[in-house]
Every structure is written in structure tokens, then in C-alpha cells.
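Just so you know, the protein sequences line up as chains A and B, in that order. All residue numbers for the first sequence refer to the numbering used here, where the first residue is 75 and numbers rise by one. All residue numbers for the second sequence refer to the numbering used here, where the first residue is 345 and numbers rise by one.
No lab work stands behind these hints, which were simulated from the structure alone. Take the hints with a grain of salt, since some may be wrong.
Stated by the list, open to error - With a Cα cut of at most 25 Å, we get these calculated SDA-like pairs of lysine to any residue:
1. Lys488(A) to Met398(B)
2. Lys211(A) to Arg385(B)
3. Lys388(A) to Ala379(B)
4. Lys155(A) to Ala362(B)
5. Lys406(B) to Gly275(A)
6. Lys155(A) to Asp568(B)
7. Lys254(A) to Glu474(B)
8. Lys149(A) to Leu353(B)
9. Lys336(A) to Tyr470(B)
10. Lys322(A) to Phe464(B)
Claimed, not checked - From the structure, some residues in chain B lie toward chain A, with a derived Cβ separation under 8 Å:
11. Thr380
12. Lys382
13. Pro386
14. Phe465
15. Thr467
16. Pro468
17. Gln469
18. Gly481
19. Gly484
20. Asn486
21. Gly489
22. Glu491
23. Pro578
24. Phe594
25. Phe596
26. Trp597
Unchecked claim - Here are a few chain A residues that sit away from chain B, every Cβ distance over 10 Å (derived from the structure):
27. Ser123
28. Asn187
29. Lys254
30. Asp303
31. Tyr313
32. Lys342
33. Arg464
34. Asn470
35. Gly479
36. Ala480
By construction, the Cβ of each residue, glycine as well, lies at the ideal position given by its N, Cα and C atoms.
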Amino acid sequence: MRTALGSIWKPLAAIAASTALAAAAQTEITFYYPVAVGGPITKTIDQMSADFEKENPGIKVKPVYAGTYQETLVKGITAHKSGTPPTTAILLSTDMYTLIDEDAIVPFEDVSNTADDKAWVKSFYPAFMANSQTGGKTWGIPFQRSTIVLYWNKELFKEAGLDPNKAPANWKEMLEYAQKLTKRDPSGNVTQWGVQIPSSGFPYWLFQGLTTPNGVELMNAAGTETYFDKPEVVEALQYWVDLGRKHKVMPTGVIEWGTTPKDFFEKKVAMIWTTTGNLTNVKNNAKFDFGVAMLPASKRRGSPTGGGNFYVFKKATKEQQSAAVKFAKFMTQPERAAQWGMDTGYVAVRPDAWATAKMTEYVKGFPVASVARDQLQFSVAELSTHDNQRVTKALNDGIQASLTGAKEPAAAMKDAQAEATRILRSYK
Amino acid sequence: MKPLHGWLLLLPAVALLALFTHWPIVATVWDSFFATPKGGRPAPFVGLENYAVMVADEVFWKSLWNNLWFALGTIPISIALALAMALWVNSAMRGRTWLRMAFFTPTILPMIAVANIWIFFYTPQYGLLEQITGLFGVSGRNWLGSESTALACVMVVAIWKEAGFFMIFYLAALQQIPPSLAEAAAIEGAPRGYYLRRVVLPLLMPTTLFVMVNAVINAVRMVDHIVVMTRGGPNNATSLLLYHVYQVGFVFWDTGYAAALTVVLLVVLGCVAIGQFVFLDRKVHYQ
Chain A
75 MRTALGSIWK PLAAIAASTA LAAAAQTEIT FYYPVAVGGP ITKTIDQMSA DFEKENPGIK
135 VKPVYAGTYQ ETLVKGITAH KSGTPPTTAI LLSTDMYTLI DEDAIVPFED VSNTADDKAW
195 VKSFYPAFMA NSQTGGKTWG IPFQRSTIVL YWNKELFKEA GLDPNKAPAN WKEMLEYAQK
255 LTKRDPSGNV TQWGVQIPSS GFPYWLFQGL TTPNGVELMN AAGTETYFDK PEVVEALQYW
315 VDLGRKHKVM PTGVIEWGTT PKDFFEKKVA MIWTTTGNLT NVKNNAKFDF GVAMLPASKR
375 RGSPTGGGNF YVFKKATKEQ QSAAVKFAKF MTQPERAAQW GMDTGYVAVR PDAWATAKMT
435 EYVKGFPVAS VARDQLQFSV AELSTHDNQR VTKALNDGIQ ASLTGAKEPA AAMKDAQAEA
495 TRILRSYK
Chain B
345 MKPLHGWLLL LPAVALLALF THWPIVATVW DSFFATPKGG RPAPFVGLEN YAVMVADEVF
405 WKSLWNNLWF ALGTIPISIA LALAMALWVN SAMRGRTWLR MAFFTPTILP MIAVANIWIF
465 FYTPQYGLLE QITGLFGVSG RNWLGSESTA LACVMVVAIW KEAGFFMIFY LAALQQIPPS
525 LAEAAAIEGA PRGYYLRRVV LPLLMPTTLF VMVNAVINAV RMVDHIVVMT RGGPNNATSL
585 LLYHVYQVGF VFWDTGYAAA LTVVLLVVLG CVAIGQFVFL DRKVHYQ
């Protein structure tokens, strides 16, 4: 009896041991990501995760589509507070301070700091790292990064007697073009607008597309001070407000971020400002010849960078964290960064991605793909401070109040600055 | 022995109520006296500071004000519409099943889907609303993007959605009214309007009270439409109380202040409920 039992136990124990081993070798990481532009993003992400698993049999990736950037942040921090955060997530680069203040993330150097890792961190465009590093540590790795660009409809330009191959180079020209491109029916209703700069969702970001060329930064590098009430800022806001309220070449009130590309496809507007992340969306859906240009200049050229970074969460296990770094590394390899850039329109985040054969070929056939990259040299960091969501809301409210006519730009920016100063008081 | 038996029977309900209703209320009131814990450090006791912040918070006052208008604008209209629709689909006519279903459809659609559909109704230039007003030569409105119209637009969606839901209650109540009353009124020669005013409406009063309590709760509970359609904008023109609580609690992560806001919300709702039950209840029942 005893021997019979023993002979049963042995194989059972062996099986148990082997499954335990397999379980130990299998590291599972959860990966939250948002979708902020048009196109089949979820499908692409699932495919990339599957490719990663194939290359790394010990690691399982669970990609979770978590909504917009803001919803993804809410989900990520809620999960962190409840004790079971994702292992890694793509969140706005501007959420860095918030995540640090919440003690939610670890710097990449703390997970793995080999020579290879150091070289990897150095391989990205410096403009993207401005929002990814602070205090000498790297907290985020650029993934779906962007800048704002101007898209224009070449057919409508031709109809209006403008050179279809020349985008407005500065603010004055953009206004002149927009005036020529705005069409009204006999009863005075506008049937085609000259230009649209969206102002829902993240008006502060589009606003930086005006303040940066006007030669002013909205915050200091430490994220403890803002400059919303500087004269250059007010001047930039005045220009934006005047496009709609004074010159009537842009719809008044708040313009939806999400429907702006659609307005462009429907030929309801001749020029739009939106992220380069919409490039592939526009390419697939615009049934007319279109152009892409850097934002018009005022005192200089310029656009904020934008978009999302990889972050690694603190409460994950050591194995998960290093698996997440491996994953981030995989996702940002030159070949893959180039592919991601082509699939979406986001700026491939490192110079060597642009040197790959695939990308060179693509840019040759579709030269506007490189506009956003070329704009990087004029780019500044996106507005990012401590208590970022709150400071940003103060500015957004001020911008929307001006655009809807509730407040004069100068008064609105003074209020926004006062509110931001109050919020940031405790971080100085 | 007997009282124990009774309490044992009550125990599951009491435990659930305490766990999911009473304890959270007590914890919220308690939390509202503390600042927000940050990065693992425990929160310091700040007394009434969160309430002082609230008094100075313009967005809070605007949300409170918006919510008041929202309630005043949506509750009477949606109840009146519900009653009218219920009276209509209660009458004997062809195709009333279809009509009932049509009225009830908005209620079963997911809120998020509804809000997305309505966004396209309101879209400037080529939205449904714009195309209709365009026929009359008035167009170029930015319905959701203007401070003057955004709140009204959100209210219309809420009415559209609520009326069908309340209709169901009225329909059920109407079918409880004995036909003999209508027959008696007919024999007495009472006009239809008189019968409606003196017999049907009084008999519907308990339902109206129930519907009103629900409508008030829904008006304060409204958050999903706002998130999808306007995110409280432009410039807080459509920010309602619960949306403000959500924003403070889950976007700014100021949980202490969010708790204080929640306490105020509770007090307001409590007062309204007491008012409804104590004062209206007496007038509701037909004797």
C-alpha cells in the first residue's frame, strides 16, 4: 500500500515542481495605454505585444486599453492607490511630476542601469527628454510623442487663388490666408472656415503653439512657477481670440479637438492645427491633396512637444519592473519606432529610426512625414508643473473664458496666474 | 428569544446597509477634516480648512449654481413629458406597443452612447441641429462650445433620456386606476379634462412623488453626459456638482477636499429628501 502510494506521489510531485518552475519563469506585466488619435491603434498595440511575447517567452504582456490620456491616468493612479497598479503605462509626459509626487513610479535607472541602458536613454531626441527627466533621473521613456502641425487643403487654397504648395509662414500670413479661405453664403452664414485651432480637451497645449513662437515659456524647468500673465502670453491669446471674434475666420466658442480632423475631411475648414499623431488618419481619410507645415512663426518658430511616455510603476515586483523595461526597450527599437511612426503619424522618437531603410523609403514617398521631426529643433517642453492637472485647468479655464467672450484675455490670464501661484505655493 | 430572532432576520440587510451606506458616510465626514495624503505620508488634520477652501472656490459655486438650474430645468419638463407620453400610450390605439417602445428606447441605451450620438446632433456646421436650423437660414451656432448654450444642450439630453424612464412608472400607475371611475365620470357627464384633473392626476400623486425623488437624485447624480459631451467646459459652464467632485477627487487627487464637497452634496440631498417626504407626503394621498 505504502509503496503503491509512493509511486503515485513521485510523478505528481514532479509535475507540481515543473508547473511551479514554469510559473516562476512566466512574468506577467500589465500595460495600460490610451488612444488619443484616430486609426486602429488597439490592433497595432496588440500585435506589438504579441511580437514581444514571441521574442521573450518568459514574459506575458497584458495590454489594457484605458481610454483617453486623462482616463488612463485616473485608472493608473487609482490602481496604484488600491495597491495593484499596472506594471507599466503610457501616460502624458506632463504627468511626470504628478506621478513622482504620488510616489507611483520608479526612475528607469533604479530598475536597470547597465551601459546598454544608458546608451538607450541617450538615443532619443533631446526635445522629448525635456519632459522625461528631472533631478538627474529618467522617469519616462518617449513612445508616442508629437508636436502640433498645421494641415492645409491644397484644393481650397487653389480655389482661393493662393499658392497650394505654400503654407502660411507667420501669424500675419495665416490671418490673410484664412480671410481669403473663409466663404459665406448670400445670407452671411459661413460655409467654409479659414482656420481652426481646437480648444477642448487640452487647450493649453494648442495655446503653447502660439506662446512658443511669441517667444515666451509658460513655466520654469522645475515645474514650480508659471508665467501666464506675461504680456507675450496675453498677446498670443489675443491673436487666438481675434481669429474668431474680430476677424471671423474661425468658429467662435470652444472648438472640439475630436471633430476637428473630421471638419477638415468635410472641407468645412481649410487649415487646421492638430497633432502630428493624426497624420496617418488624415492621410487615409482626406479625399483631397493636403499639405503639412510647421506652425506659423511670430517672433520665432516653435511648438510644444506632446504625447505619451512609458512609465514603470513602483508597486510592481522587481521581476515585473525589469520585464517592463525590456518591453519599453523592445517597443522603442529603431525599426519598431519607425513602424509606429508610419502607422500613426507620431514622430519616431529617435534619430536612428529615421535612418532605417523602411523609414527613408516612406519619407521619400510621403515627404510631409518628416515635418514634425524637423520642427523638433524649435520645440519646447509641454506645460508641466507640480499638481499639473490643477494648474493646467486654471489655464484652460482662462483660455476658454477668453474664447467664449466671458473674459478679456488680459484679465483671464491674470486670474489663471493667480490661481496657479496659489496652487504651486506649497512646492517652492 | 423573540427579539433576537427578529434581529437575526434583519442582520443581512443591516450589515449591508452599514457597510455600503452608513460607514462610507461616516468615513467621508471624517476624511473631510483631513488634508490629502501624498506619496504614502499620512494626512494631517486640518479641521474646517477644506470647507474654507470651498467657500473661496469659484468652480464650486458655479457648479452649485449650474446644478440648481439643471434641476429646475430638467425635472418639471421631464415629468410633464413623461405624463403626457404615458397618457397617450395608455389610450386604445393602433401601434401603441411601438410607440411605447420608441419612448422607452432612450432609457435602455447606454449613457455614453447617447452622449456620443448627441455630440453629433450638436456638431457645428454639419450636425443635425445645424442642418435643420440651416433650412431656416439661421446657422453657424456652436451649441456645445458657447457658454450661453452648453448647459441648455446638456439639459435637453437629460430630459430626452429621463422622460421615457418616468413614463413607465406613470403607465403602470395609470393601469392601476379602476375603469369604473372613468365609467362613473362618463355617466355623470364629466368632460375628459375634468376627469383628468380631478380623478387621474390626484390618483397619480404617489407616483409623482416617487418620480420626483428619483428625478432630484438623477439631477445631482449626472456626470457621464458631462464627461463625454463637454468635460464641464467651456470655462465650467456645464460643470455640475458631482463632476466637480470627480474632478477634485480623481483628477486632482485632492481626496480631503473631495470628501468635504461630498459632505455638502449629502447635506443638500438630505434636505431635499426631507422636504419632499415631510411636506409633500401629506398632500400626496387621495382621501
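Hints, one by one, checked against the model:
1. Lys488(A) to Met398(B): Distance of about 21 Å is within 25 Å: holds.
2. Lys211(A) to Arg385(B): holds (22 Å)
3. Lys388(A) to Ala379(B): With a Cα-Cα distance of about 24 Å, the restraint between Lys388(A) and Ala379(B) holds, given a limit of 25 Å.
4. Lys155(A) to Ala362(B): Holds: Lys155(A) and Ala362(B) sit about 24 Å apart, inside 25 Å.
5. Lys406(B) to Gly275(A): Between Lys406(B) and Gly275(A) the Cα gap is close to 20 Å, so the pair holds against 25 Å.
6. Lys155(A) to Asp568(B): Holds, at roughly 23 Å.
7. Lys254(A) to Glu474(B): holds (24 Å)
8. Lys149(A) to Leu353(B): Not satisfied, since the Cα-Cα distance of roughly 39 Å exceeds 25 Å.
9. Lys336(A) to Tyr470(B): holds (10 Å)
10. Lys322(A) to Phe464(B): It holds: about 23 Å lies between the C-alpha atoms, which stays within 25 Å.
11. Thr380: violated (10 Å)
12. Lys382: Because about 6 Å separates Lys382(B) from the closest Cβ in chain A, which is inside the 8 Å limit, the hint holds.
13. Pro386: violated (13 Å)
14. Phe465: violated (12 Å)
15. Thr467: holds (6 Å)
16. Pro468: Holds: closest Cβ of chain A sits about 6 Å from Pro468(B), inside 8 Å.
17. Gln469: holds (5 Å)
18. Gly481: The hint holds - Gly481(B) has a Cβ within 8 Å of chain A, the shortest such distance being about 5 Å.
19. Gly484: holds (5 Å)
20. Asn486: Since the shortest Cβ distance to chain A is 4 Å, the answer is holds.
21. Gly489: holds (3 Å)
22. Glu491: Check passed: Cβ of Glu491(B) comes within 5 Å of chain A, closer than 8 Å.
23. Pro578: holds (4 Å)
24. Phe594: holds (5 Å)
25. Phe596: holds (5 Å)
26. Trp597: With Cβ-Cβ at 6 Å, under 8 Å, it holds.
27. Ser123: The claim holds: Ser123(A) sits with its nearest Cβ about 26 Å from chain B, beyond 10 Å.
28. Asn187: Check passes; 23 Å lies beyond 10 Å.
29. Lys254: holds (19 Å)
30. Asp303: Non-interface label stands for Asp303(A): nearest chain B Cβ at 17 Å, farther than 10 Å.
31. Tyr313: Holds, since 19 Å exceeds 10 Å.
32. Lys342: The claim breaks: Lys342(A) does not keep its Cβ more than 10 Å from every Cβ of chain B (closest is about 5 Å).
33. Arg464: violated (5 Å)
34. Asn470: violated (8 Å)
35. Gly479: With a cut-off of 10 Å, Gly479(A) comes too close to chain B, as the shortest Cβ separation is near 8 Å.
36. Ala480: Non-interface label fails for Ala480(A): nearest chain B Cβ at 6 Å, not farther than 10 Å.
In terms of the numbered hints stated before, the structure departs from hints 8, 11, 13, 14, 32, 33, 34, 35 and 36, listed from lowest to highest.
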